[in-house]
Structure formats: structure tokens, C-alpha cells
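Participant: Those protein sequences? They're chains A and B, same order as listed.
Quick note: the first sequence uses our numbering, first residue 119, plus one each step.
Quick note: the second sequence uses our numbering, first residue 774, plus one each step.
Where chain A lies over chain B, by a calculated footprint (3+ residues, C-beta under 8 Å):
id, segment
1, 790-800
2, 821-828
3, 836-843
4, 858-864
The calculated lysine-lysine pairs, modelled on DSSO-like cross-linking and capped at a C-alpha distance of 30 Å, are:
id, chain 1, residue 1, chain 2, residue 2
5, A, Lys250, B, Lys858
6, A, Lys129, A, Lys235
7, A, Lys127, A, Lys229
8, B, Lys858, A, Lys228
9, B, Lys777, A, Lys152
10, B, Lys858, A, Lys249
11, A, Lys129, A, Lys250
12, B, Lys858, A, Lys129
13, A, Lys235, B, Lys858
Think of the hints as simulated: they come from the structure by calculation, not from any bench.
Even glycine gets a Cβ: it sits at the ideal position worked out from N, Cα and C.
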Amino acid sequence: MKKRFNPIKDKSSEIIEYLMSSPDIPDDEALRFKLRLSIEEAVENVVRYAYDGGIGWLEAEIRFDQDTLVLTIELRDAGVPFNPLERDEPDVTLSAEDRNIGGLGIFICKKMMDDIKYCYEEGNNVLIMTKKVG
Amino acid sequence: MDIKIEKQDNKTIVVLNGRVDTTNADQFQQDMEPLMEGENPDIEIDCTDMSYTSSQGLRIFLMLQKSVNARKGKMVLRNMNPQVKEVFDITGFSNIITIM
Chain A
119 MKKRFNPIKD KSSEIIEYLM SSPDIPDDEA LRFKLRLSIE EAVENVVRYA YDGGIGWLEA
179 EIRFDQDTLV LTIELRDAGV PFNPLERDEP DVTLSAEDRN IGGLGIFICK KMMDDIKYCY
239 EEGNNVLIMT KKVG
Chain B
774 MDIKIEKQDN KTIVVLNGRV DTTNADQFQQ DMEPLMEGEN PDIEIDCTDM SYTSSQGLRI
834 FLMLQKSVNA RKGKMVLRNM NPQVKEVFDI TGFSNIITIM
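So that you can see chain B by itself, here it is in the shape it has in the complex:
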């Protein structure tokens, strides 16, 4: 998986490419940890090229959402493919994370 992080105005843009799975979840978490603190909590995640996530990835999206909520920010996941979206749907994550 490839992760790009870019600061834009007051928000952070994250672009994910590839599979989020057991082989790279720890790295993904480490890369996301700086986004879980600070004064600009808003995050936009481009999921266009995220081809897969397991519960290992969901765990990190949940951590991000909790940290964003705690700082009264907003997180949006954009352009998720239908298969990945189904994983968010069946686990109820679509109800707690904004997917556009």
C-alpha cells in the first residue's frame, strides 16, 4: 500500500493506494498517528485506489474518527469502491464514518 499525506489549508488530505491489510496496518497506523493530534482535525481520505481493507484497516479508520470527533472536526472518505464500501456497510462503519 502507498500512502500520501498532504496538508491543505486547515485540513489534511490522505491518498490511499492498494490494500490495507495485516501486512501494512501497523505502518498505516504509524503514518496516521500524527493526524490524531493537533489543532486542525479535519481529514479527507481519497479512497479511489484503495482496493481492499480488512478489520485491521477498519480499526485505524475508527481510531481516526474517534480522534476527529474528540476535537470537533470532520472526516470524509471519498470515492470508495463498492467492495470496500460493502465492508464498511456490513460492519456498521458507514453509520459512524462519513463516506461520500
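Just chain A, same shape as in the assembly:
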């Protein structure tokens, strides 16, 4: 299933709930937790940073391959070109005083999903996250 949200300012919650409503997500609490977290972090990155003032669109898609049992979440936007995977990973060994929250969202996605890919395609940022389920 796929839906374009426009504009996306203050729409994070709606976009997250749309993806989480997919009948392809198994009724497994631990898995749903990991997916929700990855979706929230990825969607928030677009809603907060892709467009100046959040005025722009985001296309959210979730699909399931019955043969490979792989669930794919794809986010597409036409905002500022930005590859979140190129960001420096946060140093998780620092003290509280030296820690900040930058880069933590996409780091969490990487840990929770099996794979994340980014490409810039026809003027769009495309983020593809996959996880094998079942």
C-alpha cells in the first residue's frame, strides 16, 4: 500500500499510523515495536528536515514479499538531497555530558531493521528499509 501525504508539516503521527496499519505486519509485539520505532525515526527525519517549514510531500509505501517474507518500507520526498546513511554514527560510549542526540534516529533504524538503502532518484530522496518477518 502506498499513499502520498501533502503537506507533511505536523503529519508524522498520521504517516506512522498509516504504515503501521498495514495488514502485512504480523501481530508480533516485539516486531511491531521495532518497525514503529524505525518508521517514526525515518518519517521524523523527513518531516523535520527535508523541507523548509515542512511544506512538501512524502510518499510512504509498505509492501510484503510472500516468497522471501521480507517487509519493505519506502519513503520518498522531494526535499533537500540528503543521505542520512552518510552521517557520522553517534559515539555511544561518551558520557552524558558529552552526548547529544544528533544522528541517533537513523542509527536506531539501522539497528532495528535488517537493511537500509538510500538513493537520490529523479529529484527525490528515497529511503528503503527492509526486515524479514516470520
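Starting from the known structure of chain A, arrange chain B on it as the hints suggest.
Facilitator: Chain B only, in chain A's frame:
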């Protein structure tokens, strides 16, 4: 999410119920701001019914910890469920915040 705040002796008890996420992180931060100043820095957070946190919630726990450290106090998060604990573990927050 539901937040209860209670003063007990020289410390503050916070009880969290529900998800800490993008929809309520700003409210959570506003509710916690008074705890980030004053003479009694000790905080105990009951996480029994906190079902979820994203980096939005972690940001606020980090702010609390920094403010507690600066005032030589102690903060403890109690009874965290295993999934929420995993988020604290993978981000290294378990090393800088006391979880019991």
C-alpha cells in the same frame, strides 16, 4: 501518554504510562523542565507502564540526566520493559543513565 509527578521527601517520583513519541515529546519536555532546576535534583522514574520510546524521548531523558549530574543528584529509571531497555542499550544510554 500519561505523566504523574509526585514530590516525596527530597526526591521527585515520575510515573510514565504509554508511549513517548513524536506526538507527545514536547509535552513531556515541558512537564520535566521544572525538575531540571532547584535544590532537590534526585529523580526516580517508574517505567513499568512506559510501552515505547523513540529518540524524541531519549533526548529528554538525556536532558534530565545532564541536569541531575550538574546538581550532583541521582536519577534512576525503574522497571523498564525489555523492548524499551533494548533502545537504551543499543544507543549506549544504559551506560549513562541508571536503570534498575
